[in-house]
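J.: Residue-level listing of the chains:
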Amino acid sequence: MGDSQTVALSDVSFDIAKGEFVAIMGPSGSGKSTLMHMLGALDTPTSGKYVLDGQDVSKLTDDELAEIRNKKIGFVFQAFNLLPRRSALKNVMLPMIYANIPKNQRENLAKKYLEMVGLGNRLNHTTNQLSGGQQQRVAIARALAINPTIILADEPTGNLASAQGEEIMDIFKDLNEEGHTIIMITHEPDIAEHAKRIIMVKDGKLISDKKNKQKERSKSKN
Amino acid sequence: MDFLELLSSAIEALTLNKLRTGLATLGIVIGIGSVIALVSLGQASQQSVQSQIQSLGSNLLTVLPGSQNTGAVRGAEGSTTTLTYDDAKSISTSPQITDVQTVSPELSRRAQVTAGGNNTNTSVIGVTDAYAGVHNLQMSEGTFISAVENQTLAKVAVMGPQAAADLFPDGSDPVGQTIRINKLAFNVIGVTVSKGGSGFNNTDDTIYIPLLTAQQQVFGVDYLSDISLSAKSADVMTDAENQVGYLLLSRHKLSDPTKADFSILSQSDILGAADQVTGTFTTLLSGIAAISLLVGGIGIMNIMLVTVTERIREIGLRKALGAKKSTIIYQFLVEAVILTIAGGIIGMILGIAVSFLISVLIHLPFILSGFAIILALCVSGGIGILFGWYPAQKAASLSPIEALRYE
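Heads up: the protein sequence lines correspond to chains A and B, in order.
Each residue of the first sequence is one higher than the one before, counting from 720 in this note's numbering.
Each residue of the second sequence is one higher than the one before, counting from 85 in this note's numbering.
Think of the hints as simulated: they come from the structure by calculation, not from any bench.
Values in this document were obtained by computation on a predicted structure and should not be read as measured data.
Each hint should be verified, as a subset may be incorrect.
Stated by the list, open to error - Straight-line C-alpha distance at most 20 Å; calculated EDC-like pairs for lysine to aspartate or glutamate:
#1 K408/B <-> E739/A
#2 K478/B <-> D893/A
#3 K822/A <-> D323/B
#4 K915/A <-> E739/A
#5 K478/B <-> E739/A
Unchecked claim - To spell it out: a stretch of chain A is covered by chain B in this simulated footprint if at least three of its residues, at any positions, have a beta carbon under 8 Å from a beta carbon of chain B; those stretches are:
#6 753-763
#7 878-889
#8 893-904
#9 925-931
A virtual CB, placed ideally from N, CA and C, is assigned to each residue, including glycine.
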């Protein structure tokens, strides 16, 4: 690339409050992946600031970022990214190992979160014995495992059939009702519709940031 | 993440992919096992050859009658009759000879020997009482030929165990029985202890009779086939050789040493030649061992590289979930160390077992080379750990985004 810099994202500024359910939308190449990497503390901005939970994350070292990811961010990936050949329980317990949660508490916590996503009867199934939807639910339980500040989902339904996708979205809605902050990256409008707020990015710029009217309406009906 | 946790997660990762773990271990096992087995084999055969030569007699010098050169015609070595009993006597009595301990004049021929209905063609050696000492000959029963029996031309014989077995196949005790050498009756007075060996130079397939009896009554000659000498110590072998050489030259009235009608062969010459041969053999085996170590090392390297490469996504995931770079490196390092230790122990046991088996099967002494064991363990272990660590630290340095995207 030589000396020229490719700017993936610039002049993007927004706040997300605790308890929000935000969808970040945009076509491929819009910079939404870069945005997701920033929000997930997987990468730091070359300039600008990212304040998470009152802490400026933009200038941290790799190890400090690892700790932020471990303590404050629960990832849900498009490709699930579970450890192969291990049980659902083991997968959910993985981030707890890095968070130094005492060994005797891990299994109970993992059980609790797996029950929350409806997999109470699949605790010891290995990942290859689970369907795609079930694997993504294990991934959500894993994201919950360290009680994160935000749950960051990157195209969580991208690898799933639409029925399974709906199930995942229902889980997200329930978690949001319980007070979890959820940020979801997607390019599918009907998935984004589940969120309460939709941020649109295009060509590295923020082009709209608005409350989801439809969602508000359906909520006021209830 | 404490050490126990690292250890248990490493063991879990290793047991989850048994094929990969097995292959990695196999590389280390073969690398270490083959080196240990090959080097042990080489050293065992070297020692075996050495001990066989030493069993022929220590500090041994052999004077052989040499060919007399008459113009361009050269007679066959050993065919001449230049050595006599008087030569041998003068070596033991001359005041110039200070470094020779014992002198054993010998006349060796093959002859047909019978006992009852059995007969054999065997080597018959006429000897004096000095023979047993010079050649390390032990008696299993009876006595060896004495000086008196030699002087009185006694018809007594001492048998090697192989000759005894050939002539008395029913296993009866040969001592006190009569055997016939060239139709002359001899009384058997002793049997020697087996020294091993085979073929033409089998010291077990031999019958010893008094030298003068052999010369005057059995074979009708007045010369010797050789004179064996033992030097006073291994350090004076060369001095003894020179003293005997000068004495025999003057007795044979020769002034030019290059025209000597005899030659002197020392045990150390034979040992040196044999050492050279077995040394070459050991070097060859060590070369093969080094190649197997190299091949084993490349095998370990390959499997370790593959192991880490196919787990880069896992590394990315672990980093995304909060694992620090150092934690990832420790995890892979612990896995590599476990693999290497397990493979090292199995390889060592296998290498030792194979060397033992070979030593039993082909009757070699069982020798373990501590150096080979340590070298094999260090090289394979080093390669295993280095190539477990190096790609892991590279992968751990990737950003979690790159690692997760790795195909």
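J.: Now look at each hint and say whether the structure bears it out.
T.: Evaluated hints:
1. K408/B <-> E739/A: 29 Å, violated
2. K478/B <-> D893/A: Not OK: K478/B and D893/A at ~41 Å, beyond 20 Å, violated.
3. K822/A <-> D323/B: 81 Å, violated
4. K915/A <-> E739/A: 7 Å, holds
5. K478/B <-> E739/A: 38 Å, violated
6. 753-763: holds (count 4)
7. 878-889: violated (count 0)
8. 893-904: Per the Cβ count (0), the hint is violated.
9. 925-931: violated (count 0)
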